[in-house]
Amino acid sequence: MTNTPSFVRTQMLDPKDPPITEKGAVKWIRENLFSGWLNTILTIVSLYVIYWVLAHILPWSVGGIWNAESLTECREIRDASGIGYDVACWAVIADRWHQLLFGFYPSELYWRPILALILFGVAIAPILFDTAPRKLLIVTAIMPFAAYWLLWGGTIWGPLVTALGFVIGWAVLTYGAATLGALGATIGAIVVPLLYWLLVAGPLSGILGAALPIGIEAVPSDRFGGFMLAIVIGVAGIVMSLPLGIFLALGRQSDLFIINKCSVIFIEVIRGVPLIVWLFTASLLLNYFLPPGTNFDLMLRVIIMVTLFSSAYIAEVVRGGLAALPRGQYEGADSLGLDYWQSMQLIILPQALKISIPGIVSTFIGLFKDTTLVVFIGLLDPIGLSNAIRADSAWNGIYWELFIFIGLCFFIFCFSMSRYSQWLERKLNTGHR
Amino acid sequence: MTIQVVAFALILAAIWFLGRNIVHNLEELGKDFNFAFLNSRAGYDINQRLIEYSNDSTHGRAALVGILNTLLVAFLGCILATILGVIAGVLRLSKNWIVGRLMTVYVEGFRNIPLLLWIILIFAVMTEATPQPRDFRGEDAEASMILGDSVAVTNRGIYVPNVVFTRSLGGNEMTEAADGVEAAIIPSAVAMDWLLVLVLLVGGVLASKAIGRWATKTQEATGIRPPATLWMQIGVILGPFVLVMIALGATLDLPELRGFNFSGGIHMRNSLIALWFALSLYTGAFIAEIVRAGILAVSRGQTEAAFALGLRPNRTMNLVILPQAMRVIIPPLISQYLNLTKNSSLAIAVGYMDVRSTLGGITINQTGRELEGMLLLGLFYLVTSLVISGAMNIYNNSVKLKER
Chain A
1 MTNTPSFVRT QMLDPKDPPI TEKGAVKWIR ENLFSGWLNT ILTIVSLYVI YWVLAHILPW
61 SVGGIWNAES LTECREIRDA SGIGYDVACW AVIADRWHQL LFGFYPSELY WRPILALILF
121 GVAIAPILFD TAPRKLLIVT AIMPFAAYWL LWGGTIWGPL VTALGFVIGW AVLTYGAATL
181 GALGATIGAI VVPLLYWLLV AGPLSGILGA ALPIGIEAVP SDRFGGFMLA IVIGVAGIVM
241 SLPLGIFLAL GRQSDLFIIN KCSVIFIEVI RGVPLIVWLF TASLLLNYFL PPGTNFDLML
301 RVIIMVTLFS SAYIAEVVRG GLAALPRGQY EGADSLGLDY WQSMQLIILP QALKISIPGI
361 VSTFIGLFKD TTLVVFIGLL DPIGLSNAIR ADSAWNGIYW ELFIFIGLCF FIFCFSMSRY
421 SQWLERKLNT GHR
Chain B
1001 MTIQVVAFAL ILAAIWFLGR NIVHNLEELG KDFNFAFLNS RAGYDINQRL IEYSNDSTHG
1061 RAALVGILNT LLVAFLGCIL ATILGVIAGV LRLSKNWIVG RLMTVYVEGF RNIPLLLWII
1121 LIFAVMTEAT PQPRDFRGED AEASMILGDS VAVTNRGIYV PNVVFTRSLG GNEMTEAADG
1181 VEAAIIPSAV AMDWLLVLVL LVGGVLASKA IGRWATKTQE ATGIRPPATL WMQIGVILGP
1241 FVLVMIALGA TLDLPELRGF NFSGGIHMRN SLIALWFALS LYTGAFIAEI VRAGILAVSR
1301 GQTEAAFALG LRPNRTMNLV ILPQAMRVII PPLISQYLNL TKNSSLAIAV GYMDVRSTLG
1361 GITINQTGRE LEGMLLLGLF YLVTSLVISG AMNIYNNSVK LKER
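First to last, the sequence lines map onto chains A and B.
Per my numbering, the very first residue in the first sequence carries number 1; after that it's consecutive.
Per my numbering, the very first residue in the second sequence carries number 1001; after that it's consecutive.
A portion of the hints provided could be inaccurate.
[Unchecked claim] Derived SDA-like pairs (lysine to any residue); straight-line CA-CA distance at most 25 Å:
no., chain 1, residue 1, chain 2, residue 2
1, A, LYS427, B, GLY1378
2, B, LYS1217, B, MET1232
3, B, LYS1031, B, GLY1378
4, A, LYS427, B, VAL1298
Keep in mind that the hints were calculated from the coordinates and are not lab data.
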């Protein structure tokens, strides 16, 4: 008997499909939503929560009324249409969106804040994205003065003469080093522009303004409001607090006893007290600290206070960046024979600032949200304007629509910024350090 | 050295300049600089007070009431925010897709919208969407109390049961609120009773820890853990507590409808509720991110090694993952607690009488002492911040990795 098997399959079978519960959507649902009793309960509870929220919000918001003159008209339209439930009255947004965005800024001049915003976008592009052309940094340099001029208007000579101070300082720093030495040039670069601003700038811009009256219509600060106000305060605060914050961070890292202690005290005092107390200080107390007779407008005071406030936070962020640099970088700079300022400028700060950009962006998000607090000292931020709109008899009693609009705008701003900072963190995370 | 001297001179000059201006301006306004106003009659009422206070009390007493209110909302907020944050942070890492997404929506929603808006929004919900006390009246009332008729949610606030002692030890007795002013949320007449209960609880916890240590020591020495250790630990906490509660005659004081309003129980005002919930939800979103980052920071190898040693999942979590994650979580958690405490000054939006509204608001308006008032207010926040961060740093040092 030969030992031959009775049957040999000559051709392979196709693999069978996996069971229906082990593939496709069913498998995904089983694994992700109903993998155990706890997960099943969580899924059912979450589905119910989502259903409950949507069932309450969707019909209300989708069926909203966009065309009406007042809240009573909204309600009449709703009752006439025979819908059995409450609907949103989006007409208030259609009627007042420009106020929520621009405050009481003259409507024929809306192009100015918009242009300033576009300019700002162009100006920060080379800082935020390293693929942007480097030439745009020129726009970055002139942006603060151009934006000030566009927003507040008035004569062009004020911002120009102020900008000249920085040019003078830069010139002293560059060309004075040969005669005064590095330290002398640095001190000179701080002192000379200060003297210039205090003594020369005012009369000079007056003379120039009288000789060559170039200017656009001036808009006083109390016409500013809404998201424009929030953005102006937030951006001005961050931009001006950056240099201050960097100096404070360097001071806190420094070995010099007095400078170190002063920086620590300043940072801790500012961070220990809530912003709202600082804002009240600005509105109630700032006059005590200034020479008698000086009085300047509330918005400027708020910007100064916000600048000091955020500089303490920026200082802590930058300090984190400085501390994160490997010690070898400091030692390498020293071994090249660079002095303190040179090593900071050329080696330490470029790297430290780069890794602190995400932190600076989140400080900015926090500051931008905190600009809503200015409502308590009488500035018209979006929340303040929502109160003003409600004070109008046509829209008396409207809450949710305004809050949702304001919240949505804040969410779009802040969420996109936080996405940017996450993208940057991923990009900077080279995986080795 | 030169830079130090120059900087020091500049700073001194700036301080001298500011100081001279202050002196000059005060002279011009005819004001002096003293804190005597703290001893004068306040003359205003505070609707929520943890200690005895009437409008005849001093401004100093009003400031103290405000400080206690700030600390109360900060304390409640920190607890609720931690609970919410830990739950949301863990659930965001859950494999359950819907739960994860839902928690992402919560975290991003609260992180990207200003706290002030949330406070106003929750306050509006509390006042607009809840029934009035009179809706609870009658046979077929429109609204009803929840949790077995013990909690009433109304547009004037939430009424919850209170524990009262029928055989009270007394304390600083408070006279019955007469002229329509409602009683404080924790009547101070029972201060001594609560102090006793608190001391017993703390003692119980310490004793239970001592038992735990003794049990572990015995186990390490003999290999056998003493039987019923857990029950002893629970008993030493609860036993004295239950006994003293019975001895003091503790009963529940349920809120009930009298006339047009509820009486009895504890009245938590809408301002407190809105501020508390908004602060907790907002800070909870930040804590959720911290917790998530902390858990992710513990490498997977740790879990796998623990499993390889034969540890069960919850022992792995308790003995391996959490102690390491805590080290990452604690420092940012401290700064969130500080932020919450500072953000409680937004109480102004809903009229909650915290220290900023009493000392930094009404007192300043009545006495015209902006400089002194703001100075004291700033000092209070600064000291609170330093104390919290100091206490938390001590704790942080105790859990820190001991490096050599």
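Cross-check of the supplied hints:
no.	hint	result
1	LYS427(A) with GLY1378(B)	violated, 41 Å
2	LYS1217(B) with MET1232(B)	holds, 16 Å
3	LYS1031(B) with GLY1378(B)	holds, 21 Å
4	LYS427(A) with VAL1298(B)	holds, 22 Å
This entry does not satisfy hint 1, going by the numbered hints stated previously; all others are met.
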